[in-house]
Amino acid sequence: MAQKAESNRLRTGRHSQAGQVYLLTMVTHNRQAVFAEFQAARCLIRTLQAEERLSRASTWAYVLMPDHLHWLMQLGEEVDLARCVQGVKSLVTRQLDQTVWQAGFHDRAMRKEEDLQALARYIVANPLRAGLVKRVGDYPHWDAMWL
Numbered sequence: 459m460a461q462k463a464e465s466n467r468l469r470t471g472r473h474s475q476a477g478q479v480y481l482l483t484m485v486t487h488n489r490q491a492v493f494a495e496f497q498a499a500r501c502l503i504r505t506l507q508a509e510e511r512l513s514r515a516s517t518w519a520y521v522l523m524p525d526h527l528h529w530l531m532q533l534g535e536e537v538d539l540a541r542c543v544q545g546v547k548s549l550v551t552r553q554l555d556q557t558v559w560q561a562g563f564h565d566r567a568m569r570k571e572e573d574l575q576a577l578a579r580y581i582v583a584n585p586l587r588a589g590l591v592k593r594v595g596d597y598p599h600w601d602a603m604w605l
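Residues in the sequence shown are numbered from 459 upward in steps of one, following the working numbering.
What the hints contain is simulated information worked out from the structure, not anything from laboratory work. Bear in mind the structure is a predicted one, so any value in this text is a computation, not a measurement. Among these hints, one or two may not hold up.
DMTMM-like, lysine to aspartate or glutamate: derived pairs with alpha carbons at most 25 Å apart [unchecked claim]:
#	residue 1	residue 2
1	547	536
2	592	525
3	592	495
4	547	510
5	570	525
6	570	510
7	570	536
8	570	555
9	592	536
10	570	601
11	570	538
12	547	495
13	547	525
My request is simple: use the sequences and hints to build the entire structure.
This is the structure in structure tokens:
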């Protein structure tokens with residue numbers, strides 16, 4: 459419970475902004491490799507795609523690692539960032555019928571002058587740096603609007 463309270467304190471005084479691009483990181487409970495299982499990974503990816511269809515978030519890039527997600531996204535109009543993330547986490551938890559997520563998430567609002575394409579390349583290369591694959595294209599759980 460202390461972890462949840464600490465997570466809430468991290469968000470105190472912060473607000474989300476419609477149309478803002480964010481880099482989000484969400485971690486699984488106890489860093490369990492939930493998304494090493496292909497069907498669990500596809501469940502989360504379908505959920506991100508649904509956020510796009512519902513205009514709550516536009517995905518610019520993501521990589522889903524066995525125990526965490528990096529998601530470069532643009533927040534939709536009339537949507538709160540914390541509510542969007544909670545919706546994704548909640549839906550995946552219900553669909554997988556198990557505890558999936560660590561409380562909270564890390565977010566970083568991107569500035570207009572930042573090179574988002576370079577950041578997307580860095581994000582999708584995460585499995586390569588982690589030694590999971592020898593080529594980025596060999597890893598099945600990533601996408602980027604530019605690549």
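Hint compliance check: list the failing hint numbers for this structure, sorted ascending. 5, 8 and 9
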